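Number of protein chains: 2
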Amino acid sequence: MSTIPGPITTQGLNESQAQRFIQNPILTPKQIMPSSPDMVIECLLNPGAFTFKGKIGLLLRVAERPVQLEGTITCPIFDEAGSLKILSFNHSDPDLDLSDARLIAHQGITYLSTISHLRLVWSDDGVNFYEPETPLILRGKGKLETFGIEDCRVAFIDGRYYLTYTQVSENGVGVGMMSTDDWVTMQSHGMIIPPHNKDCALFEEKINGLYYCLHRPSGVDLGGNFIWLASSPDLVNWGNHTCIARTRPGMWDGTRIGAGCSPIKTAEGWLEIYHGATSNHRYCLGALLLDLNDPSKVIARSQTPIMQPQELYETQGFFGEVIFTNGHIVNGDQLTVYYGAADEVICAAQFSTSQILASLK
Amino acid sequence: MSTIPGPITTQGLNESQAQRFIQNPILTPKQIMPSSPDMVIECLLNPGAFTFKGKIGLLLRVAERPVQLEGTITCPIFDEAGSLKILSFNHSDPDLDLSDARLIAHQGITYLSTISHLRLVWSDDGVNFYEPETPLILRGKGKLETFGIEDCRVAFIDGRYYLTYTQVSENGVGVGMMSTDDWVTMQSHGMIIPPHNKDCALFEEKINGLYYCLHRPSGVDLGGNFIWLASSPDLVNWGNHTCIARTRPGMWDGTRIGAGCSPIKTAEGWLEIYHGATSNHRYCLGALLLDLNDPSKVIARSQTPIMQPQELYETQGFFGEVIFTNGHIVNGDQLTVYYGAADEVICAAQFSTSQILASLK
Numbered sequence: 049m050s051t052i053p054g055p056i057t058t059q060g061l062n063e064s065q066a067q068r069f070i071q072n073p074i075l076t077p078k079q080i081m082p083s084s085p086d087m088v089i090e091c092l093l094n095p096g097a098f099t100f101k102g103k104i105g106l107l108l109r110v111a112e113r114p115v116q117l118e119g120t121i122t123c124p125i126f127d128e129a130g131s132l133k134i135l136s137f138n139h140s141d142p143d144l145d146l147s148d149a150r151l152i153a154h155q156g157i158t159y160l161s162t163i164s165h166l167r168l169v170w171s172d173d174g175v176n177f178y179e180p181e182t183p184l185i186l187r188g189k190g191k192l193e194t195f196g197i198e199d200c201r202v203a204f205i206d207g208r209y210y211l212t213y214t215q216v217s218e219n220g221v222g223v224g225m226m227s228t229d230d231w232v233t234m235q236s237h238g239m240i241i242p243p244h245n246k247d248c249a250l251f252e253e254k255i256n257g258l259y260y261c262l263h264r265p266s267g268v269d270l271g272g273n274f275i276w277l278a279s280s281p282d283l284v285n286w287g288n289h290t291c292i293a294r295t296r297p298g299m300w301d302g303t304r305i306g307a308g309c310s311p312i313k314t315a316e317g318w319l320e321i322y323h324g325a326t327s328n329h330r331y332c333l334g335a336l337l338l339d340l341n342d343p344s345k346v347i348a349r350s351q352t353p354i355m356q357p358q359e360l361y362e363t364q365g366f367f368g369e370v371i372f373t374n375g376h377i378v379n380g381d382q383l384t385v386y387y388g389a390a391d392e393v394i395c396a397a398q399f400s401t402s403q404i405l406a407s408l409k
Numbered sequence: 049m050s051t052i053p054g055p056i057t058t059q060g061l062n063e064s065q066a067q068r069f070i071q072n073p074i075l076t077p078k079q080i081m082p083s084s085p086d087m088v089i090e091c092l093l094n095p096g097a098f099t100f101k102g103k104i105g106l107l108l109r110v111a112e113r114p115v116q117l118e119g120t121i122t123c124p125i126f127d128e129a130g131s132l133k134i135l136s137f138n139h140s141d142p143d144l145d146l147s148d149a150r151l152i153a154h155q156g157i158t159y160l161s162t163i164s165h166l167r168l169v170w171s172d173d174g175v176n177f178y179e180p181e182t183p184l185i186l187r188g189k190g191k192l193e194t195f196g197i198e199d200c201r202v203a204f205i206d207g208r209y210y211l212t213y214t215q216v217s218e219n220g221v222g223v224g225m226m227s228t229d230d231w232v233t234m235q236s237h238g239m240i241i242p243p244h245n246k247d248c249a250l251f252e253e254k255i256n257g258l259y260y261c262l263h264r265p266s267g268v269d270l271g272g273n274f275i276w277l278a279s280s281p282d283l284v285n286w287g288n289h290t291c292i293a294r295t296r297p298g299m300w301d302g303t304r305i306g307a308g309c310s311p312i313k314t315a316e317g318w319l320e321i322y323h324g325a326t327s328n329h330r331y332c333l334g335a336l337l338l339d340l341n342d343p344s345k346v347i348a349r350s351q352t353p354i355m356q357p358q359e360l361y362e363t364q365g366f367f368g369e370v371i372f373t374n375g376h377i378v379n380g381d382q383l384t385v386y387y388g389a390a391d392e393v394i395c396a397a398q399f400s401t402s403q404i405l406a407s408l409k
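Protein sequence lines correspond, in order, to chains W and E.
Position 103, counted from 1, in the first sequence is what this note's numbering calls 151; the numbers after and before it change by one each time, with no gaps.
Position 327, counted from 1, in the second sequence is what this note's numbering calls 375; the numbers after and before it change by one each time, with no gaps.
The following block holds chain W by itself, in its conformation from the complex:
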């Protein structure tokens, strides 16, 4: 895909590899208009990334909440038709649990404190982004998206863009898919992976006649937050699910792991940038190398992160100590990773793919 000419910096390199953009954060909530006047954007998170007609596109996750009135806390949900409804709680209600900024727990029911939609922005240089004249806003629709849609991966397969994203509702959390070839008209393909699931990254070409994806189910009692592989004849229907990577207790990826975006095809294998988190919810990035011919075989895996929260915009924010990516642009050996920092702002960093591969040996 196309070159990113944006200036970069070598500041703050604990890791040998990540070169953060000097302009970081490149997008903050103030730079985007809320979807309606009575909403406030709390966070920009975890963009999908792609190129289209010489431009770089990001599909941002925009997390909003209603303007909060004194003494109450409100939380937004969509009804099944896609209209916004507001639930309101008294701030002094002893049954209210706000200990996790991302959640509102009340009398045994959990709501999200914000509701997310997806918003398209374009850039000519990979650094400065702007909304199109007619904004593209993808909101939750139907009973599987009443709590919004989140963390969209964009894959380019057979001349078409496939968007895999998290569908959130009171029915559960699963992976939905849309596709487009013009970024105007979107086709929905429904929920492709059932609850509880997130972090679905499509391989951008068939392997031995089948499509593949990585996904992240969550276990109940047995299992955990592990990375799984599945195959498909048509991208819509999936089978042959198998676990390929588990969490590593005591390590940087000890409690939960999940795929970033599409694996990068290299001579040595499929290179997947993934996130790992500790039980303290510290999110770092690492790499998995999968066999080119049989991606269920893990050839290598990062012992230490290739990138971890260290800049102030990564360690402090809506939910600090988080680096989370589900979008990147590949240009030869240059890998530009777009990421959500502290669940609040959008940043970018560049890597050398060959350096990441070397770090896995």
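Source of the hints: derived by calculation from the structure; they are not laboratory data.
Treat each hint with caution, since some may be false.
One copy or any two copies: either way a pair holds, since identical chains are not told apart in the list.
In silico DSS-like cross-links for lysine-lysine, where the CA-CA straight-line distance does not exceed 25 Å [as the list claims (entries may be wrong)]:
| id | residue 1 | residue 2 |
| --- | --- | --- |
| 1 | K78 | K345 |
| 2 | K345 | K191 |
| 3 | K133 | K191 |
| 4 | K345 | K189 |
Note that the structure is predicted; figures quoted are calculated from it, not measured.
The hints should help you fit chain E onto chain W, whose structure is shown.
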């Protein structure tokens, strides 16, 4: 399918409909040989049911544990090659939690107290069952079945038997599928629905060109133990997942619900017998009626159970207050439900399909 001539009784009818077999329980652990001399059968559970060459077949879930030595508690797992390994804990270990008879919890890791395989038994009358001369024992195989396989549904589709069952391992709990046309040679189709999932029942014919199944994902934070529907072009790859029935707080199916076996086609719709449980783990049976042409539409649902634990063999046992079915035989209006009682013995009861339909009005 063929008639069941076994004598029945009308004893103990709290419900208007269930006619329990007077021979209940029809199978107990003592009647089956352990799979090896150092194992003990703790429970027979939740059989799949089908007809084949004029016989009725049950595919039992046989739950075994190693012979327990004084002062220790042992739990069995299969290695990936399918060989049995035994883990041993000291009974006085303060980190050991045995409060749920089905589980062994130790230092944050949960094991199953028993390991299950599937065992075929035949009957000429639907009441008296015997193993074939060469027993058919289906054990866990590979890394997705190290903790065994459970609760098999048998569907007859296009002249072939399709077995959907629970695959259990440290990687998670999902739905596997096998198929056969002779009950000797089994073909594996891998995991068709990823974790956390159970209770997958296939529709026995296509609807508008697609196969359908019911399945039961479990939510984490959001969602719950609800019944979902999915479609497939080929029975192996599944998509278009959607939630069709949720638990009803405070009712008999307030905490978890899951499909029994294949829906029964009636003039009024697809009739699905399902289980519902309360937060106290009391499992009853009820019915769902789904639109013939669009099974995502629920036409009706039992307000009260069509069958609930009341006989001693249902209220007391390895895990009492449980009636759980995933196998039945349909013969005109006569529906013979085979079920696991108290997670320990196999029982059967007959219903009139038209009476169940009438109860839904």
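Under the constraints set out in the numbered hints, which ones does this structure not fulfil?
Structure breaks hint 1 only.
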